[in-house]
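S.K.: Sequence:
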Amino acid sequence: MRRVLFYLYYFPVGLSLFVLTTIICSLTIILSCMVGYGHWATRYVGRLWAKASLALHWCPITVEGQEYLPKQDETYVVVANHQSAFDIFVLYGYIDLPFKWVLKEELRKMPFVGKACEASGFIFVDDTKPSSITQTMEQAQAVLSSGNSIFIFPEGSRTITGKMTRFKKGAFIMASQLNTPILPVSIDGAFDVLKRGHKLVKPHRIRLTIHAPFSPCDYGEAPRNIMASAQEARTRIASVLPMEQEAS
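Read in our numbering, the sequence shown has 185 at position 185, and its numbers run on one by one without any break.
Keep in mind that the hints are not guaranteed to be accurate.
Okay, derived cross-link-like pairs now, DSS-like style, lysine-lysine, Cα gap no bigger than 30 angstroms in a straight line [stated by the list, open to error]: (1) Lys115 - Lys168; (2) Lys199 - Lys109; (3) Lys129 - Lys115; (4) Lys71 - Lys169; (5) Lys115 - Lys195; (6) Lys129 - Lys71; (7) Lys195 - Lys168; (8) Lys51 - Lys129; (9) Lys115 - Lys104; (10) Lys202 - Lys129; (11) Lys109 - Lys129; (12) Lys115 - Lys202; (13) Lys129 - Lys195; (14) Lys168 - Lys129; (15) Lys202 - Lys163; (16) Lys163 - Lys129; (17) Lys129 - Lys169; (18) Lys169 - Lys195; (19) Lys51 - Lys71; (20) Lys71 - Lys199; (21) Lys109 - Lys51; (22) Lys104 - Lys129; (23) Lys195 - Lys51; (24) Lys71 - Lys168; (25) Lys104 - Lys71; (26) Lys104 - Lys199; (27) Lys109 - Lys168; (28) Lys51 - Lys168; (29) Lys168 - Lys199; (30) Lys195 - Lys104; (31) Lys169 - Lys109; (32) Lys115 - Lys199; (33) Lys104 - Lys202; (34) Lys115 - Lys169; (35) Lys169 - Lys104; (36) Lys168 - Lys104; (37) Lys51 - Lys199; (38) Lys163 - Lys109.
Keep in mind the hints are simulated off the structure, nothing from the lab.
Please model the entire structure based on the sequences and the hints provided.
M.R.: Structure, rendered in structure tokens:
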């Protein structure tokens with residue numbers, strides 16, 4: 001019954017409000033960046049958009065581990081599992097950090113949102129160009145040096161089955177080479193909201209769990225600490241995901 005009520009509300013009202021909110025917030029961020037208020041708009045207008053998007057889709061959020069959120073003068077490489085497009089709203093809305101995303105190049109083409117991300121100084125990665133890796137590292141170093149953390153999905157793309165796929169090394173090479181702590185984050189429930197390849201949203205509670213951060217140097221020197229850090233992050237993220245426990 002609740003799902004029926006959701007669709008009766010969503011198609012005539014909720015979807016229109018979501019599109020309108022996305023356009024308004026994107027334009028606000030773009031214009032703010034042009035006049036020197038990009039840092040403020042990216043953080044606070046972006047958070048407002050993310051929380052509004054979750055509310056409009058009837059997705060309540062439970063946050064655990066907030067005591068592990070870093071202080072304002074600390075920067076991290078934040079890594080999370082990637083269940084759904086809604087993961088972005090969850091991280092953006094409920095991890096209150098100055099940050100930059102590492103995004104796929106094709107997301108630059110998204111109407112309004114792509115331009116807002118570009119204006120905000122987010123890092124776009126083109127996997128088809130080998131030179132993109134060097135550029136990404138240089139951009140990441142500049143981001144961290146400016147007091148911003150970095151958000152990245154080490155799986156690279158959304159899961160198809162709901163279970164985590166293999167973690168790519170990029171985030172952990174970045175953390176190791178730039179001597180930056182890693183903050184693992186688990187997202188559970190977003191897969192039930194919108195599965196990869198599906199168009200129909202289903203309202204569902206999403207749980208965000210923030211784990212204790214750790215340093216790559218805790219696992220020795222590079223390159224040995226890269227794989228060890230990836231495994232440690234994956235273990236912590238999986239520890240609160242029911243589907244991962246079933247797999248084991």
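S.K.: Are there hints from earlier that the structure breaks, and if so, what are their numbers?
M.R.: 6, 8, 10, 20
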